[in-house]
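Following the hints, complete the assembly by docking chain B onto the known chain A.
The residues making up each chain are set out below.
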Amino acid sequence: MNKKILLVSGLIVLLGGFFVYEKFGTAQNSQTPIINNDQQTSGNNNPPQNQPTTGFKDGSYTGAETSSNYGNAQVKVIISSGKITDVVYLTYPKDRAVTVMKSNLAMPAIKQEVIQAQSVNVNTISGATQTSEAFLQSIASALSQAS
Amino acid sequence: MIETRILMGMPITIEIVDKWATKKAIDKIFKYFEYIDKTFSTFKPDSEISKINRGEIEKNSYSTDMKIVFELAEKTKNETNGYFDIIDNNGKYNPSGIVKGWAIYCATQILRKDGFENFYVNAGGDIQFCGKNSENKLWNSGIKNPFNQNEIVKVVYLESGQGIATSGNYIRGEHIYNPKNRNKIIDEIVSFTVIGPNVQEADRFATAVFAMGKSGINFLEKMPEFAGYMIDKNGVAFMTSNFENFTNEHT
Numbered sequence: 000m001n002k003k004i005l006l007v008s009g010l011i012v013l014l015g016g017f018f019v020y021e022k023f024g025t026a027q028n029s030q031t032p033i034i035n036n037d038q039q040t041s042g043n044n045n046p047p048q049n050q051p052t053t054g055f056k057d058g059s060y061t062g063a064e065t066s067s068n069y070g071n072a073q074v075k076v077i078i079s080s081g082k083i084t085d086v087v088y089l090t091y092p093k094d095r096a097v098t099v100m101k102s103n104l105a106m107p108a109i110k111q112e113v114i115q116a117q118s119v120n121v122n123t124i125s126g127a128t129q130t131s132e133a134f135l136q137s138i139a140s141a142l143s144q145a146s
Numbered sequence: 000m001i002e003t004r005i006l007m008g009m010p011i012t013i014e015i016v017d018k019w020a021t022k023k024a025i026d027k028i029f030k031y032f033e034y035i036d037k038t039f040s041t042f043k044p045d046s047e048i049s050k051i052n053r054g055e056i057e058k059n060s061y062s063t064d065m066k067i068v069f070e071l072a073e074k075t076k077n078e079t080n081g082y083f084d085i086i087d088n089n090g091k092y093n094p095s096g097i098v099k100g101w102a103i104y105c106a107t108q109i110l111r112k113d114g115f116e117n118f119y120v121n122a123g124g125d126i127q128f129c130g131k132n133s134e135n136k137l138w139n140s141g142i143k144n145p146f147n148q149n150e151i152v153k154v155v156y157l158e159s160g161q162g163i164a165t166s167g168n169y170i171r172g173e174h175i176y177n178p179k180n181r182n183k184i185i186d187e188i189v190s191f192t193v194i195g196p197n198v199q200e201a202d203r204f205a206t207a208v209f210a211m212g213k214s215g216i217n218f219l220e221k222m223p224e225f226a227g228y229m230i231d232k233n234g235v236a237f238m239t240s241n242f243e244n245f246t247n248e249h250t
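Residue numbers (numbering that gives the first Met the number 0), protein chains in the order written: chain A, 0 to 146; chain B, 0 to 250.
For reference, chain A alone in the conformation it holds in the complex (with noise of 0.2 Å):
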């Protein structure tokens, strides 16, 4: 009888510790990024005083190498304002056959082919000139930065 008394208040004990730790100590935990800040800060650097504080600072920031079953990944996340706005892929699992069909898995109606030169005559042919390249990079380079 006293066992199980001391068993329940000995359970209820280690749920309020958890609980505890749950909602202070993970707070305290995520002030520490795990991945290496670089150092290339990117947009706003001091976000707004008044904006409740996620713990995040400000920059961009290059996670490790790591491996997996299908090749090497590695990404960068951009934070602005105190939050992720962009996950950068640097290396991604690309070069087995094996991830060539995972991500087939992902766009199942796209299909695939080597291209080939045809001799055949046409009417007319549709390509990108030099000058609508021009035109491409000047839009591109504009819109990069108005993001």
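Take these hints with a grain of salt, some might be off.
Examples of chain A residues toward chain B, derived with CB under 8 Å [unchecked claim]:
| # | residue |
| --- | --- |
| 1 | 110 |
| 2 | 112 |
| 3 | 115 |
| 4 | 121 |
| 5 | 122 |
| 6 | 126 |
Okay, derived cross-link-like pairs now, DSSO-like style, lysine-lysine, Cα gap no bigger than 27 Å in a straight line [unchecked claim]:
| # | chain 1 | residue 1 | chain 2 | residue 2 |
| --- | --- | --- | --- | --- |
| 7 | A | 110 | B | 221 |
| 8 | B | 30 | B | 50 |
| 9 | A | 82 | B | 76 |
| 10 | B | 213 | A | 110 |
| 11 | A | 110 | B | 232 |
| 12 | B | 76 | B | 221 |
| 13 | B | 131 | B | 22 |
What the hints contain is simulated information worked out from the structure, not anything from laboratory work. For each residue, glycine too, the CB sits at the ideal point set by N, CA and C.
Chain B in isolation, oriented as in the chain A frame:
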């Protein structure tokens, strides 16, 4: 009757197969493109767009064409989750990414009004087709090999009214950036061809899906009125599930 001229730094070809085609009718279309250049070129200080960018024209005083292009740009920005935007890094407007397809479409509307039925207009590789070709068959178009400008890698057959546009990054060493992520260079994709209900639609989405990188083909797959053929740097092409409907000479 077919004629090619270099305007706005790119070749523009107009072919009319109707017997009543005249040089005058073709001249009228080239004049229209000259007007487009004078209005929308950010390189010309006297163009309307340059005046707008210098703050010399109030928004409600824009020309009708300018208003149409701005509305189209806004619509495209919304439809592509921000992958298309005409505002550049200095906060200036540069609508060149949307003007070409729209102007080609307008040019073909002029030809229709002038009584022509069978023709195409190709401006810098973006094409609007109307009617049939000189053999009374569907118009066809090659897709240029991004690795060899003198080759084509695909032939597609298009219905009257449909358009095709290709965005590309053919010169090695120069990069297009993902507008949503300037750290990520788009070097995976070298050419993205879009077939759409008309050239205006094909062109604005070709520009946007190219900026999306490889996921652009998935974006297009969800839009049944479009078909896409995307070529990556390794010479592998990815196509939407409806693309092969265009590679057979159906009637």
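Evaluated hints:
1. 110: holds (5 Å)
2. 112: The hint holds - residue 112 of chain A has a Cβ within 8 Å of chain B, the shortest such distance being about 5 Å.
3. 115: Holds - the Cβ of residue 115 of chain A comes within 8 Å of chain B, reaching about 6 Å at its closest.
4. 121: holds (4 Å)
5. 122: With Cβ-Cβ at 5 Å, under 8 Å, it holds.
6. 126: holds (3 Å)
7. A/110 with B/221: Distance of about 14 Å is within 27 Å: holds.
8. B/30 with B/50: Judged against 27 Å, a Cα distance of about 22 Å means the pair holds.
9. A/82 with B/76: Holds, at roughly 24 Å.
10. B/213 with A/110: Holds, at about 13 Å.
11. A/110 with B/232: holds (17 Å)
12. B/76 with B/221: The given pair, whose Cα atoms are some 17 Å apart, holds under the 27 Å limit.
13. B/131 with B/22: Holds, at roughly 20 Å.
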